[in-house]
Amino acid sequence: MTDQDMSKYPLRLADDKVPMVRFMNVTKRYGDLVVLDSLDLDVDEGEMVTVIGPSGSGKTTVLRMLMTLETINGGVIYVDGEPLTHMEKGGRLVPADRRHIRRMRANIGMCFQHFNLFPHMTALENCMEAPVHVLGLPKAEARDRSIELLGMVGLEDKVDQHPARLSGGQQQRVAIARALAMRPKVMLFDEVTSALDPEVIGEVTNVIRKLVDQHNLTMLMVTHQMGFAKEISDRVCFFYDGKIEEQGPPSEIFGSPQKERTQQFLSAVLEAG
Amino acid sequence: MFDWRWDFTLNILPRLIEATGNTLLAAGIGYAIAVVIGLALALAQRTPFRALTLAVREAVEFIRSTPLILQIFFVFYVGPQFGIRLSPWVAGMIAIGLHYASYLSEVYRGGLDSVPRGQWEACAALNLSPARTYFRVIIPQALPPSLAGMGNYLVGIFKDTPMLSVIGVAELMHTATAIGSESYRYLEPYTLVGLIFLAISLPSAALIRAFEAWVRKKLGMTR
Ligand SMILES: Nc1ncnc2c1ncn2[C@@H]1O[C@H](COP(=O)(O)OP(=O)(O)O)[C@@H](O)[C@H]1O
Ligand SMILES: [Mg+2]
Numbered sequence: 001m002t003d004q005d006m007s008k009y010p011l012r013l014a015d016d017k018v019p020m021v022r023f024m025n026v027t028k029r030y031g032d033l034v035v036l037d038s039l040d041l042d043v044d045e046g047e048m049v050t051v052i053g054p055s056g057s058g059k060t061t062v063l064r065m066l067m068t069l070e071t072i073n074g075g076v077i078y079v080d081g082e083p084l085t086h087m088e089k090g091g092r093l094v095p096a097d098r099r100h101i102r103r104m105r106a107n108i109g110m111c112f113q114h115f116n117l118f119p120h121m122t123a124l125e126n127c128m129e130a131p132v133h134v135l136g137l138p139k140a141e142a143r144d145r146s147i148e149l150l151g152m153v154g155l156e157d158k159v160d161q162h163p164a165r166l167s168g169g170q171q172q173r174v175a176i177a178r179a180l181a182m183r184p185k186v187m188l189f190d191e192v193t194s195a196l197d198p199e200v201i202g203e204v205t206n207v208i209r210k211l212v213d214q215h216n217l218t219m220l221m222v223t224h225q226m227g228f229a230k231e232i233s234d235r236v237c238f239f240y241d242g243k244i245e246e247q248g249p250p251s252e253i254f255g256s257p258q259k260e261r262t263q264q265f266l267s268a269v270l271e272a273g
Numbered sequence: 001m002f003d004w005r006w007d008f009t010l011n012i013l014p015r016l017i018e019a020t021g022n023t024l025l026a027a028g029i030g031y032a033i034a035v036v037i038g039l040a041l042a043l044a045q046r047t048p049f050r051a052l053t054l055a056v057r058e059a060v061e062f063i064r065s066t067p068l069i070l071q072i073f074f075v076f077y078v079g080p081q082f083g084i085r086l087s088p089w090v091a092g093m094i095a096i097g098l099h100y101a102s103y104l105s106e107v108y109r110g111g112l113d114s115v116p117r118g119q120w121e122a123c124a125a126l127n128l129s130p131a132r133t134y135f136r137v138i139i140p141q142a143l144p145p146s147l148a149g150m151g152n153y154l155v156g157i158f159k160d161t162p163m164l165s166v167i168g169v170a171e172l173m174h175t176a177t178a179i180g181s182e183s184y185r186y187l188e189p190y191t192l193v194g195l196i197f198l199a200i201s202l203p204s205a206a207l208i209r210a211f212e213a214w215v216r217k218k219l220g221m222t223r
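The listed protein sequences derive, respectively, from chains R and D.
Counting along the first sequence from 1, when you hit position 44 you're at 44 in the working numbering, and nothing is skipped either side.
Counting along the second sequence from 1, when you hit position 212 you're at 212 in the working numbering, and nothing is skipped either side.
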């Protein structure tokens, strides 16, 4: 975090309409490799933004930075108007310390391609762990909340099963319930159907569809399922080489993409099936 | 001239069985120390403090590359020169406990490294504290792959307890030697010591494997 001039970044966002998430001039490097180059991206409250693009274009990195799994090398990320990657100290922004990060990332939940469930805990224990030990909820309340969420994802009869006894689609649904149990304001999905057998992809996309319909969650989703992205997104961002090459409503991106790279990418994936 | 005397054998058996208790006690206490200190040594090498990591690494390497018997002598005989006067038992337990702690720390390190990165990331995404991450998520998963190595060193520490006889801990070897010098008969006491070690070591490998399977099942990690 070697940003030259931090004064151009506000201590907090105070427009009339504050986006739920704002990436402001965010740069991410691994050594000499610039993975994201001065990224600007807003996600409004309740908005579903889908990120598409070729492999290696930086899609996962965007989510991982927002989940604070990666530090950034320039710029500032804001969540709900407050800086996430930075904090205020003596009237200016300085890199966030652990405490600030822990407080801020409580706003964000994430589901991973490979589920990352805790294999030694049942579905219910997976969901209850953080509400009890991070939020400090009474066990009974955490249990009720977790059972309700496992019911919402259609797994009321699997609460006492360990992940090894569940199919991939069931595991991913537990992972979604586990993330939701923390009541995040923002949910991140990183290719959550990519590791699944084709016949169970629908059970996971149905859950996400339900979240979009019934909850006012802000969501950022990386996916290779163009049909699903087209159907469910408020906005689609096409990433290419660490930059947003083109973005807009799904009808425009899929119906009449303006940029040549977008057209090439879409025709390539649609051809592949 | 093979001259085995059964009456003498039966005579000394109770004393050797009593000493077996001390041997098991020494192995048990030494192992308990090794299990706990070993974990501390493994975790100390995973903190963000580079200096601590390096210091612990060097200490572990040092202990692993010098003989146990030297470490036992060192704690017992050199300690007093620095005003640290310890009984044979205490000195022996410290030496053997630390020796095996350094070996176990390597076993734990392997176990901790085998936990997939995604588990750490899930903990971070759920905002679990570092302590909760380690003790509720990472260590339970590092345990099953560590158990085989832990079991080997349990047998190892048991077989190394005779070294404590050199500073006068009254375990099996020490007792057998004492019997020998009293009676001028060494065949029976040393043979019995060998048989007792064999009788305890042999089934333990199978027991450890059974325990490993039981732990995996307990943790719900069987497919
Ligand atoms: N830990 C890392 N170390 C070095 N390079 C990385 C690391 N993680 C990702 N990258 C690189 O960053 C680029 C973007 O990766 P990623 O965000 O995973 O792309 P996508 O999700 O779009 O496929 C790739 O070139 C990848 O090789
Ligand atoms: Mg990716």
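Just so you know, the hints here were simulated from the structure itself, not pulled from any lab data.
Glycine included, every Cβ here is placed at the ideal spot set by N, Cα and C.
One or more hints might be untrue.
Derived, one-sided and incomplete: chain D residues facing chain R with beta-carbon distance under 8 Å [to be verified]: (1) 136; (2) 137; (3) 139; (4) 206; (5) 208; (6) 210; (7) 212; (8) 213; (9) 219.
Worksheet item: Any CB of chain R closer than 8 Å to the CB of residue 139/D?
Response: violated (10 Å)
Discussion item. Quick check on the hint: residue 208/D CB to chain R CB, less than 8 Å?
Written reply: Residue 208/D check fails; min Cβ-Cβ to chain R is 20 Å, beyond 8 Å.
Worksheet item: If you take the shortest Cβ to Cβ gap from residue 210/D to chain R, is it below 8 Å?
Response: With a closest approach of 19 Å, the residue 210/D hint is violated.
Worksheet item: Does the interface hint hold: is residue 206/D within less than 8 Å of chain R, judged Cβ to Cβ?
Response: violated (25 Å)
Worksheet item: Holds or violated: is the Cβ of residue 136/D closer than 8 Å to a Cβ in chain R?
Response: Constraint on residue 136/D satisfied, holds at 7 Å.
Worksheet item: Do the numbers back the hint for residue 213/D, that is, is its least Cβ distance to chain R under 8 Å?
Response: With a closest approach of 15 Å, the residue 213/D hint is violated.
Worksheet item: With 8 Å as the cut and Cβ atoms as the points, is residue 137/D at the interface with chain R?
Response: Holds, about 6 Å.
Worksheet item: At a threshold of 8 Å, is the proposed contact between residue 219/D and chain R supported by beta-carbon distances?
Response: holds (4 Å)
Fill in: Status of the residue 212/D interface restraint (C-beta, 8 Å, chain R)
Result: violated, 14 Å to nearest chain R Cβ.
Hints 3, 4, 5, 6, 7, 8 from the earlier list are contradicted by this structure; the remaining hints agree with it.
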